[in-house]
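*Asks:* Chain by chain, the residues:
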Amino acid sequence: MATTLLTPHALTTPDSKSPDATCQPTLNPFLMSNIHIMSVNMCHSNVLTHALLASDPPADIILIQEPWYGHIGTRWSDTDPVGTNTLGGVASPLWNFIYPGLVNPGTTWAKVMAYSRKTNPIFTVSNCLDLVSHPSLMTLEVIVGDDHFLITNVYHDTNDPTCLQTLFDTEFDPTTPAIFIGNFNTHSPTWSPLGLPRSRWAHTVEDWAALNLLDLLNPPGVPT
Amino acid sequence: MQDDSFHNFIIDRDASLGSDHAALLVTYLSPADNILHAPAPSLGFAITPDHAEEWTRNFPRHPHRPLPTELDIDAETELLHNDIEQTSAQTLNRKKPFSPRAVPWLLHSRLGAR
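Protein sequence lines correspond, in order, to chains B and U.
Per numbering that gives the first Met the number 0, the first sequence starts with residue 0, numbered consecutively.
Per numbering that gives the first Met the number 0, the second sequence starts with residue 0, numbered consecutively.
For the record, the hints were derived by calculation from the structure and aren't laboratory data.
Warning: the hint list may mix true and false statements.
Among chain U residues calculated to face chain B with C-beta under 7 Å, some are [claimed, not checked]:
#1 Ile-10
#2 Ser-15
#3 Ala-21
#4 Leu-23
#5 Trp-54
#6 Leu-79
#7 Ile-83
#8 Thr-86
Here are the simulated lysine to any residue pairs, SDA-like style, with alpha carbons at most 25 Å apart [claimed, not checked]:
#9 Lys-117/B <-> Ser-4/U
#10 Lys-95/U <-> Lys-117/B
#11 Lys-117/B <-> Phe-8/U
#12 Lys-94/U <-> His-50/U
#13 Lys-94/U <-> Lys-117/B
#14 Lys-94/U <-> Arg-60/U
#15 Lys-95/U <-> Asp-145/B
#16 Lys-117/B <-> His-50/U
#17 Lys-117/B <-> Leu-28/U
Every residue, glycine too, gets a C-beta built ideally from N, C-alpha and C.
With the hints as constraints, model all of the structure from the sequences given.
*Replies:* Quick look at the structure:
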């Protein structure tokens with residue numbers, strides 16, 4: 000882990016090569032308009048999340064699936080003198096944290112979270128709770144000057160089909176650039192390595208993607 | 000992914016810091032060069048009678064001095080402008096840009112025709 004803490008910057012240098020890199024980052028003349036997005040499953044690790052946020056990763060927006068989400072304090076009041084444990088995610092002075100739509104933020108567990116870099120001067124992030132409100136799903140609107148796009152962070156818990164159903168039921172504006180990224184926990188010959196059995200709900204994901212005119216960004220067959 | 004604004008997709012296992020999942024990185028390239036625009040020019044101040052006494056009490060901020068040369072006059076002129084600006088900023092409210100929401104409903108049709 001200590002070694003990897005020193006290496007995230009390597010992604011931003013044009014001449015570095017990641018073993019799994021599918022295409023090399025290129026320098027764009029419009030540097031002000033490049034927004035780097037990272038998606039990672041943190042497996043509920045508090046330490047890894049703190050390390051990630053403190054390591055200055057090559058991203059302006061980080062989407063996390065299975066974030067660490069635990070007790071961060073206790074709420075007391077006159078009517079609740081014993082106090083109630085309050086849940087929350089990892090905080091960092093360098094990052095704004097964004098929770099998904101939770102019925103009760105203090106007691107409902109979030110399965111996705113997002114962070115946006117506080118020092119970014121070019122975009123603002125808005126959590127579209129009017130569009131999606133689910134502990135495993137969040138849609139962010141990123142506004143860059145007169146331009147905007149949507150990022151949807153997905154964690155499909157195979158024991159909870161409501162996440163995918165909520166995603167399928169949400170109507171996204173087809174004229175707005177959008178990316179759906181996360182951990183779908185779904186195997187399909189369309190994107191999975193050869194030999195993996197097809198998930199029984201995979202066709203619903205494929206149908207939804209086709210219906211929404213989505214392209215697959217990751218190379219087929221490469222495990223993520 | 001919708002649209003072709005997302006590029007430079009990278010699967011990186013190091014960036015996930017030991018998680019059993021790889022980190023996915025992608026870059027959004029805005030079609031427009033969204034360099035930050037300069038702030039709108041100031042609209043000036045709302046000069047109202049109730050601020051007159053306070054404004055007069057705070058002005059001038061610098062005592063006037065003799066002006067024997069042309070350069071002194073130019074310098075004093077600039078100082079005077081600065082004094083007016085600073086005193087106004089201290090005592091008056093700034094004018095706000097036009098907002099359609101501030102228009103009474105009875106004038107909405109006229110606003111739309113404009």
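*Asks:* Hold the hint about Leu-23/U up to the distance rule: shortest CB distance to chain B must be less than 7 Å.
*Replies:* Holds. Min distance 4 Å.
*Asks:* Was the hint right that Ile-83/U lines chain B, CB cutoff 7 Å?
*Replies:* With Cβ-Cβ at 33 Å, over 7 Å, it is violated.
*Asks:* Please verify that hint: Trp-54/U, Cβ, nearest Cβ of chain B, below 7 Å or not.
*Replies:* It is violated, given that the least Cβ distance between Trp-54/U and chain B is near 36 Å, above 7 Å.
*Asks:* Would you mind confirming whether the straight-line C-alpha gap from Lys-94/U to Arg-60/U stays at or under 25 Å?
*Replies:* holds, 23 Å
*Asks:* Could you grab the alpha-carbon distance between Lys-117/B and Phe-8/U and see if it respects the 25 Å cut-off?
*Replies:* Distance of about 23 Å is within 25 Å: holds.
*Asks:* Holds or violated: is the Cβ of Ile-10/U closer than 7 Å to a Cβ in chain B?
*Replies:* holds, 4 Å
*Asks:* Between the alpha carbons of Lys-94/U and Lys-117/B, is the straight-line distance 25 Å or under?
*Replies:* With Cα atoms ~31 Å apart, Lys-94/U and Lys-117/B exceed 25 Å; violated.
*Asks:* Answer holds if the nearest beta-carbon of chain B is closer than 7 Å to that of Ser-15/U; otherwise answer violated.
*Replies:* Since chain B brings a Cβ to about 5 Å from Ser-15/U, closer than 7 Å, the hint holds.
*Asks:* Hey, does the Leu-79/U contact hint survive, CB to chain B under 7 Å?
*Replies:* Not OK, violated: Leu-79/U not within 7 Å of chain B, min 36 Å.
*Asks:* Under the criterion that the straight-line Cα-Cα distance not exceed 25 Å, is the pair Lys-117/B, Leu-28/U satisfied?
*Replies:* holds, 20 Å
*Asks:* Can Ala-21/U be said to touch chain B, with a Cβ gap under 7 Å?
*Replies:* With a minimum Cβ separation of about 5 Å from chain B (threshold 7 Å), the hint on Ala-21/U holds.
*Asks:* Tell me if the straight-line CA distance from Lys-117/B to Ser-4/U falls inside 25 Å.
*Replies:* Holds, at roughly 23 Å.
In terms of the numbered hints stated before, the structure departs from hints 5, 6, 7, 8, 10, 13, 16, listed from lowest to highest.
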